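Enquirer: Here are the chains, one letter per residue:
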Amino acid sequence: MKNKEFTPKQQENKKEDRKALKGFWLLMLGGFLVGILVGFLSVFLKDVWSAELLNGLTKVGSIVGIYGGYVVVTVLLVISIIMYKKSRREFADWDGEDEEVYNRMDTRVSYVSWFSQLMMIASYLFLATGAYVNLGDKERTKALLDASFSGWVVSIILVLGSMIYGLVASVIMQQKMVNFAKEMNPEKHGSVYDMKFNKKWLESCDEAEKFITYKSSYMAMQAGSYTCMILWMVCLVGMLIFEIGILPLCMVLIVWLVQTSTYALRVIYFAKHPSEVMK
Amino acid sequence: MPLKNSLKEYRAKLGVNQQEMGALAGVSRQTISQIERGDYSPSVSLALKLAKLCGVSVEDIFQYEEDE
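Chains as they are written, first to last, in the working numbering: chain S, 1 to 279; chain Z, 1 to 68.
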């Protein structure tokens, strides 16, 4: 039987695969061994860890859930306001061409935009923590109500208040920075209160700015994939040791699936409609 | 991408600042600045637009040099 002859590209592919395969199998073996270890430990540590750790976390959560949101949001807000005011002062004296000054202002705008997103995420996190501690468990809720009904009501109000505080702070900071960015770059359009803000903002970006957005988005997508993989492992351990159920694991997989599928389908679409890429 | 350019000189001849050049070319001031510093290589359409604004050919503004 005649041996199949490989094309030069196929030979190059085989060479590249052989080179990378060793590291790949080592990684797979390492993951397999860690998985077995975690599986065994989960059986032995289940009774020891789960009850004690959960009790400890609940005690911390009852304080953090109420006050954590106020602390985190306030810290981020203060830093954001300082950066915003600094940029405003520099912008007032800017000659319109000094690149160092522009880069400093632009960097602060990016950081404050990031912090305002963190404020929003923090407010969701602490609402969930507070809700879990005060409402998540029937027995615990009954115990809290029996201890002090008014105390329980105050806790709920404080938790809700921290979420509203975080969301309002986030939106106001975003609005301030977006409007400031539009003053720095007059060609930009869009209001943060507009549901189509992201679309309008991107449309007003030029080719260089779009490249930054696209490259950053790709890196965010990759980071998201790695995070989903790690979270899947954490949820698996949580399911085995702390009996958190399969729902958290499914949620992580749904996010991973949506992210991966959106990327793949967009690649297929843009391959068929290349003129859409530069729009 | 190894792309030398003389955009700053031609912009000076036009008598416009970066903001004005950006507005004429339909890009941001920052993009004009990045092109002038060699930090960004424009697309073909943007390069042609800039050349037309300066009243010269693309090759007069942008020169491709191979890496050694």
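Mixed in with the good hints, there may be bad ones.
In silico DSS-like links for lysine-lysine, alpha-carbon gap of 27 Å or less [as the list claims (entries may be wrong)]:
hint, chain 1, residue 1, chain 2, residue 2
1, Z, Lys49, S, Lys210
2, S, Lys176, Z, Lys49
3, Z, Lys52, S, Lys86
Computed spacing ranges between beta-carbons, pair by pair [claimed, not checked]:
hint, chain 1, residue 1, chain 2, residue 2, range
4, S, Lys15, Z, Gly38, 48 to 56 Å
5, Z, Gly15, S, Leu118, 38 to 46 Å
6, Z, Ser41, S, Phe40, 50 to 58 Å
7, S, Ile121, Z, Asp39, 49 to 57 Å
8, Z, Lys4, S, Leu160, 42 to 50 Å
9, S, Val78, Z, Asp60, 49 to 57 Å
10, S, Val60, Z, Asp39, 53 to 61 Å
Since the hints were made in silico from the structure, they are not lab data.
Since we're looking at a predicted model, the values are computed, not measured.
Ideal placement from N, C-alpha and C gives every residue a C-beta, glycine not left out.
Enquirer: Compare the structure with each hint and give your call.
Expert: Hints, verified against the model:
1. Proposed proximity of lysine 49 (chain Z) and lysine 210 (chain S) is supported: the alpha carbons are some 18 Å apart, at most 27 Å.
2. Simply put, lysine 176 (chain S) and lysine 49 (chain Z) have alpha-carbon atoms about 34 Å apart, too far for the 27 Å limit, and the pair is violated.
3. Note on lysine 52 (chain Z) and lysine 86 (chain S): the hinted pairing is violated, with a Cα-Cα distance of about 39 Å set against a maximum of 27 Å.
4. In this structure the hint that lysine 15 (chain S) and glycine 38 (chain Z) lie 48 to 56 Å apart at CB is violated, the actual value being about 37 Å.
5. At roughly 45 Å, the beta-carbon separation of glycine 15 (chain Z) and leucine 118 (chain S) lies within the given 38 to 46 Å, and the hint holds.
6. A beta carbon spacing of about 56 Å between serine 41 (chain Z) and phenylalanine 40 (chain S) agrees with the range 50 to 58 Å that was offered as a hint.
7. With their beta carbons about 32 Å apart, isoleucine 121 (chain S) and aspartate 39 (chain Z) fall outside the hinted range of 49 to 57 Å.
8. Checked against the hint of 42 to 50 Å, the C-beta distance between lysine 4 (chain Z) and leucine 160 (chain S) comes to roughly 60 Å, which is inconsistent with it.
9. A C-beta distance of roughly 52 Å is found between valine 78 (chain S) and aspartate 60 (chain Z), which places it inside the suggested range of 49 to 57 Å.
10. Here the CB-CB span from valine 60 (chain S) to aspartate 39 (chain Z) is close to 48 Å, at odds with the stated 53 to 61 Å.
Checked against the numbered hints given earlier, the structure breaks hints 2, 3, 4, 7, 8 and 10 and satisfies all the rest.
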